[in-house]
Each structure stands twice: as C-alpha cells, then as structure tokens.
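Residue-level listing of the chains:
2 protein chains.
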Amino acid sequence: MPTEQKDNGLTVSRRAFLGTAGGFTGALLGAQWWQGMVNSAQADVRGWSGTSPPPDLSGKDGIAVVDASKLRLCKEDLGDYIYLAPEKLGGGTHAVDLGRGRTLAWISYWTYGDACPISHHLAAYPSADPYQGFEFVNSTQGGDNVMIYGLDTKIKERGLLDRFGQGNHLYRVHFDGQSMTLIEDVAESTGIGLGVHTTIYPDATGFASADGQKDICAFFDRPARDQKTQVLQAFRADWIGKASNGSLEDNWAKGGTLRLTRLIKPKETGKFDLEGTKGNKIDWEMVPMAENLVELGQLPGDDPKALTGLDAVVHHPGNRWSSLVIRMLSSSIIIDRTTWEPVCVLHNPEGSPDNLPITKVSSGPDVWECRFEDIKCVGHEAGFSPDGTRYTMMNNIQQNNMAVFDTADPDPRKWKKVAFVKDPAWVGEYPSPFHLCFSVDGSKMFVSVLYPKPHNSSCVVVDTRTWKIIKKFVNIGPDCQTMSVSYDGKYVFQIFSGFQRLSAGVFIFRQDTLEPLGFLPNFGGHHDCVIVPTKNEHLRNSRCTTL
Amino acid sequence: MPTEQKDNGLTVSRRAFLGTAGGFTGALLGAQWWQGMVNSAQADVRGWSGTSPPPDLSGKDGIAVVDASKLRLCKEDLGDYIYLAPEKLGGGTHAVDLGRGRTLAWISYWTYGDACPISHHLAAYPSADPYQGFEFVNSTQGGDNVMIYGLDTKIKERGLLDRFGQGNHLYRVHFDGQSMTLIEDVAESTGIGLGVHTTIYPDATGFASADGQKDICAFFDRPARDQKTQVLQAFRADWIGKASNGSLEDNWAKGGTLRLTRLIKPKETGKFDLEGTKGNKIDWEMVPMAENLVELGQLPGDDPKALTGLDAVVHHPGNRWSSLVIRMLSSSIIIDRTTWEPVCVLHNPEGSPDNLPITKVSSGPDVWECRFEDIKCVGHEAGFSPDGTRYTMMNNIQQNNMAVFDTADPDPRKWKKVAFVKDPAWVGEYPSPFHLCFSVDGSKMFVSVLYPKPHNSSCVVVDTRTWKIIKKFVNIGPDCQTMSVSYDGKYVFQIFSGFQRLSAGVFIFRQDTLEPLGFLPNFGGHHDCVIVPTKNEHLRNSRCTTL
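Residue numbers (this note's numbering), protein chains in the order written: chain A, 1 to 547; chain B, 1 to 547.
In short, the hints are calculated from the structure, not lab data. Quick caveat, the model's predicted, so the values are computed rather than measured. The hints are all genuine.
It does not matter which identical chain is used: a pair holds within one copy or between any two.
Straight-line distance between alpha carbons at most 30 angstroms, and here's what the computed DSSO-like set of lysine-lysine pairs gives:
#, residue 1, residue 2
1, K70, K490
2, K154, K267
3, K154, K271
4, K75, K471
5, K154, K265
6, K422, K70
7, K70, K535
Just chain A, same shape as in the assembly (with noise of 0.2 angstroms):
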C-alpha cells in the first residue's frame, strides 16, 4: 500500500512520487529542493523555512568573539600528528602529517571499483607510531545521496547507482607506513552495510557503525589484519506513530512507540542481507537542520513513517555503555555491550522526560519498546565527556539546544538532565549546534554551530562547569563539521567545508588559551575528522565518545 506523501500541499501516492525511474523524479526533486541550500551560497535557501542573521561581531552578549575570516594559513607548529579526514564526494580520505605539513598518504574509492564513494565518515583505531602503520574504518554514504546537491550530473542516467554505486560500505583500510591499501568491505563479509558514523569501542577492540537511512545499527569486532571481520550484534529501530494515520508531522510529535529490534544473521548463508539500498526506509538522508524534511514528506523512500534516524552509536569511556543516537526522537538507546541488552532511553528536549524504561516484548527475535507521550523536538549528533561524567546531544529544528546529563551514575537509568547549553543567537530553527568534542582535559567543550547559507559556520567554547559559551570563533567557512583535538591538549581543529565544492580547510586554535592560530588547506567535501591515537585512552577523545 503506498503511503501518502504531501509535496507543498499536493497529496500523491508515493510510487505517482517516485515516478517510473526508480525514485528518480522523487530524486530529482529533492535535488532541485536542495539545490539552494547545499551548492551554492549565493543560491536562494529554498527548502528552508526562514533565515538567519549573520553571526554577531559585536561581543555585546559580553562573549570573547573572533572573526576567523581575517586569519590566514597557520604558521605554528603543531607537532607530528596525523590528521586524517574523508573527502565525501571527493571520493577518499588523506591523512595529514600536520607537523611536517605534507600529505603522508591517501586512498580513493573509485580506482577500486565503487562508482559512487561517498566517503563519509570514519574513526582511526590507535598505532602505538602511526607514521609506520594505522588501520582506519571508512563508512561511505548511501549513493543517491550524490543526487541532492543539484549537480547535472550523469551518474544515475548512466546507471553508475544501479549496482556498484549504492554505497554504505564500511572498508576497512590499513596504511604500512608508505600508502594505504583496502584490506576489506565490512559491509561485503558481514553483509550490512551501513552509510553513516563509524566509532571505535574505548579498548578498541572493534567498532559501531550506523544508517540513518536504514535505522540499523550494528557492533563489529577487530579481527586480525588477513581476517575478516565479524559481526557481533546488530540492531534495527522502528517508530510506530500513535498518530500514524494523521499528517506526517503528527506521525512523530503526538507520540508513540520505539520498537528496538535484534538482527539475526541467516543460517543457511551465514551473512545478513543488508548490503548496498537493502533496508533503507528513505531514499537519501536527512541533511543536517532539515530532518523536519521527512516530517514534511519532502523525503521519499520506501518506508519514511517507520523513520526514527538511528544514525550514529558513540560509546561511554567505561567501555560498558553504548549510546544509540536517535534523531527523529532526540533520545538516545543506552545498550549495555556486556549483556548486548538496552537498558533504558534518554530524552533529551527541554520539558521532556529525562529517562524513559525499555521493556523487552519478545523473544526470537528480541524485541524491546519505549513509549513516547509526544516528540518535541528531533535531535542531531552526541557524545559523552572523556570522564564520562556527562553526556550531551543537540535539540534541533523545534528547540536549538543542547542537553547535558549528568551520567557518573553506575545506572544509565538514574542519568538525569542537568542543563541545557544554550546560546541568545540559537533563535528558532538555526543557526543550530552540529557537532561536538572535549578538551583533552575535559574543561572545555568545543561546538561547530552550522549557520545557513550565505553565512559561514561557526564554532563555540563551552566551559564544562558552567555549561555557558565563553568564546565564539565565528565566519570560520562553510558548514563547520567534526573537530579534533591534538591529544597533548594543545590544539582544536575544526573542518570545515561546503556541502559540495564550496570552500574546505581547517581552522585551528589552541585548546588551553582559546588562541587563534589560522588555517590550513584540506580538501574535498568533509563530514569528519580524526587525529590518529597513539594510546587507548586517546579515544576518549576522538572518534569513540563523540560524533
């Protein structure tokens, strides 16, 4: 039975929507829907539902500002750090020698006969030296997400989507010293395949990955580098709107219920059968500030109503705790990886229940749900402080927030809110917190804040005892993602990039002083970073407790 979709006050059947070119049309529109947004600033915003005002110079909020447009390249020293960041639609990943300022070694997808390498999103597992060998994690992005940046392009004509360019795999990828070499598709040997954040576990013994799009979440150990990696838990999550006959928007906010699901892998073929578009309930994902677009039935695929937004697991530096992180709902799933068992919900809207039970309704396979009374807001990335004393995820759209709970409990479910960082600037929908990590020291945590087009992005410094902004680097580039921090507490790197072909670099500035230090080039289309770890303990501050 095809669902309903509404297309600026149109109802139409979703395969009238999809059209007859397997969801061309549906992506066509949703390219030219987003064209303004995501390809050029001087483009009109269509697609969003109002605008924002460029960030404010003035410090007249009593806040330290700097206007990053007036630094220029970084002239300072930053030590022998390897700085590796996927390129998105540039195809690969680099990984920098930030010290001797040279690229130490890089990889890309297509020459290894992926016809739509999305590099999205990755997380670096430690090397006692790095400069003689790492091994990385490399998630690619669902390939019909090439379509929504309004490109005339013939990648789907062509049929270049069709079967080797459906994205979501997780490669593997090991560098010896001299280059670096794909050891292994994960999503190939396990057969799940899964678009979106890779987060390696505190021991690093392995890895989580998600798919927003398909809602799956899955845990992978690390085998041995001529191994082949396992699967050891996968999960998928379903909404079921109490108000499923009502509008889309109604779908969501009146409520309902999160249905946790576990994955069992097939006997007879001993793999999953989640590889490439298999599971996707939309068509393309939900573009960070705009995950109101499935609310709006702007978003086709084959399930949107289903749609929770399972798109990332970051993981408690105890190493006991996992945290899925749900962006329709704003909560996060708490599993504990002992017992492979959720144990309660964290809502995180202002006025909303902290702490929601998850009761197990079946057996073979596991079911679990968690009732919703109403949905305030949907939320966006999370993360757990390097003491994991505190955990924090943003309120997006509905509410523009961020909120903090206090989690040095023993029990997830005695975690409770504590604060709400907030920002006067935070007004309405955007411009909105995206991003978030620690100083290695915990005192400060450091916010990419993504303004619409035509403005350039931002990044704040929060205090961790106050949760107040106490510096704002503002005018920084476009569409600020992930930042990282150099694990001798010196510096931050915020990446920063246009959606496509806009502008792309690193702004840098110092962890301890708040200095501004300038930037360096770094191409391509990036949505993550990581400084590779030289020990475990590094990952409480990278790519394992924080997205």
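With chain A held as given, fit chain B onto it using these hints.
Quick look at chain B alone, frame taken from chain A:
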C-alpha cells in the same frame, strides 16, 4: 597481422599476449610489472634496468644542496595566489588559496558520472580577479591507466572502464567565486578525446592538447561561457621505422620517417570520431623514465610500432610557433599557427642534427614527412623561456640531459642547440630531469629530477646564462612533478606525489634568494599544477610555454 611482442625472452603474438579479456591480461601483466615502481617505495623496482644511488648530500660537487626532508610546515605568508592542482587518481581538482591557507573550491569528476576520472593535466585562462571567477581546462587520462599501479581493483571486471570510464575527457570547468562547475566536455563536443597535457595559447584565445597513446594533438578555440568549443586544427603523428621488421628496439633506434597528418572532420557528422579509447596505439601511458618499455615490447596496444609519443604541445611566447613534443624521437615539430603548417623538426639528442626539414608529401589530407638517420634517445618534457629566446627538452633513458636551443631567430629553421644541462648525478638512465619551468625574470630554470624508488625526488636550479646547476633541493618527496612560480617573482611551488597513494604535497622555496621555506599539504596524485594567471603575460610562466 599480430605484432610480435617480446616478454622476458619469450616471443608471443600480441593477441595471445593480450589474452581474451580485451587487454586485461596485458594490463595485469603491466600492473605486476609496474607494481614495484609505482605502488610502494619499499617494493622492488622491477621493470627498471638498474638502481640509483640516493641523492648526494655532501655538496662535494661544489653545488649548494638543501635536504628538504628536514623542513616542516611552511610559515610564510605566500600572498593572494590561487594554486590549482589536478589529483590524478584522486579523481578531481582543487584550488588552494595560498595566503589564506584554505581550499577555495574543488571538483570531483566521478560525481558527474565519469567512472574513471584520472584528473591528469590542466591549464588556467587568465582572470583579472580569479577569486571572483576563472576558467580552466582539465584532461583526464585514458581509463586503462588505472590498472598499472598494482591495485587490487574490481574497476575493470565490473565493466566500469568499458563505456563511461574510457577517460580522455577534456573538461572545461568554471569557478564562479563560490564553486566549480563542469560546463563542457570538449572531447564530447568535438569528438576528440585527449588525455595528457593542456596548454593555453599566449594570447589566451584557446588551448592545445595532446595524447601520446593516440599520437594526436589538437588546437581548440575558446568559446563564450555558454558556447561549445571548436577544433581549429588537429594532427596525428606516425612513425615508420626503417627496421620495422626487426626488433622493437631497432624500430626506433635505426631511424625512419616521422609522418604528420592533418586530421579532417567528417562532414556527415560534423564531429571527429576520436573519443575515449578510439585511436589508441598503446593501452596505457609511457610512464616517465620507462619510454623504453615500448621498445622492449612490454606495453601492449593496437599499433605500438607506429608510436611517436606525441604527448604535449608548448607555445613560443611570441604566439606564432607551437612545439609538438615527441617523446619516442626526442624531437619537436614546430608548427606555424598562422598557416597551420609544420616548418621544421628540432632533434634534441646530443650528437644528433639540431634541425631537420619536414616536407609536405601529399594533400587531401595534408601529410608531411621528416626523416631521421637514427634515434639516439627518447625525450620527455619541454618548454620555452619566458622571453622566447631559449627552448629546452629532456633527453632521457639512453641519454640523460637537457638540450638547450637558441630560439631567438625569427625563423625556427635556424634554431640550434647551444648547450646541454648535465649533472654528474644524472648517470645511466636515472635520476633524470623530468619537468621544468622558469623564474619570472628568466634568470633561472627550475627542473624536477625524478629518482627511482625508494628515493625521494629533487628539484634543481639552473642558471640560464651558463646552463649550470647552481642549487639542489633533494629528498623533497616521491615523484616531483611540474612546478609553478608566483608571478610576483617570489616563490617556486614544487608539487610532489606518489603516482598512487604515497605522500603528496608542495615544497616551496624562493625564486630570488633560493631560500627553502617548507611544505604545504596537497592531496592526490598530482601530475600538474598552475597558479591562476591574472594577466596574459603571466602565461609566459604558466602552463603555456612549459611542462
């Protein structure tokens, strides 16, 4: 009739050599052959007939030497220049804002549906304010070249090189002050696909391109932003060896006839029929320092015996003469662009005649021939000094020097060799001079010097009064490619990059004081670079006069 091929003493027919997979066996053999050279600095240098000592750091030859590997991140404010570099197997091109230390914009060709986008060479038209907009032409190499790096890739078995991955595109790209857009594939518009050098005419009214696998060069006009490019003239070069029934080595060494044919656009279609792999004589490029693989029968293809290696065109700054660079014969055909007729052939090897006549032998189509008594060595890149009084081209493999011609006379038939640039270190086949450019004031020539693995490559400075080397920057990085100079006379940018996946970056030193300044990261397997000119006169030091 199948051509004979020798492989390690075995004589096999070409068809047997290529196997049943359309050249794949040959390509795999090539990949195996080349893996050592191009894939890892640790690997054996198979396919090379010797080894090379590391760069001499002693300075015992009396020439100042700088060990570049000791330098770190460049801390100089480089001014407001835009540095444009293609990524080769990175699949795209990026523009770096040097002074502001960030990537200004970038493009990734696979996103347009190009299944094998080896972003190879480029040249930029002058723009009064390139920050507001500029245009460039970017060739992509023939697709089978992706197979020669020893990658464990599925790109060929998945059919991705068959239709949309044949390469040899000539992409015209426009930067609008925000982002880069692919506005035309000149190969598609004109039917002439060429995958190697592109060079803008000195008056910026169009560009030339060439391809040493096809032995074809073409001269194109420069249309308005929304118009399609037209072919002004196109030529094919062929070799008829005197000893063509003997060994492949003798096919060239024992002399023969160079034939130049003017190509005619079919009236019926209004388009040439030379897109993609159409017209290829050999299946992949002659890798630098390995032109002799053709002579040794180790580079398969449809017609290797007819190969001349017409890989590039460079333009005399006076704007009348263009030089067709012929690698297999270490020669240059000088074309008069006012009459579109060849006027003479410069022959570069030491001990060979300087200037050979080329005679029209038929019309409809026009055909000219030039006879060679012998071919003493192969050649590589070439270029004119900014004042047009000198021309130089590398003699490689059998010789290892640079011939310098006096080109001050208005009649190219009077151009004569006046010097050879040599270095005591250039013994045997390598290290060998590779690319060249001149300082803005013309007082110095900069030459990249390719060392075989595991050594890093060098850049040397030549005094253009004496044609002696006066300084050496050694241990820069793997595979130093072309250089660019800033038009204020201050800096030289020596790009380097492993052919695939090794370290990459830009080494920077002063044009005037020759002081080394350090490195900037630069991603991908660069084969070229250019600083976007702001005036036509900058083309004298840009990708116009030199390679």
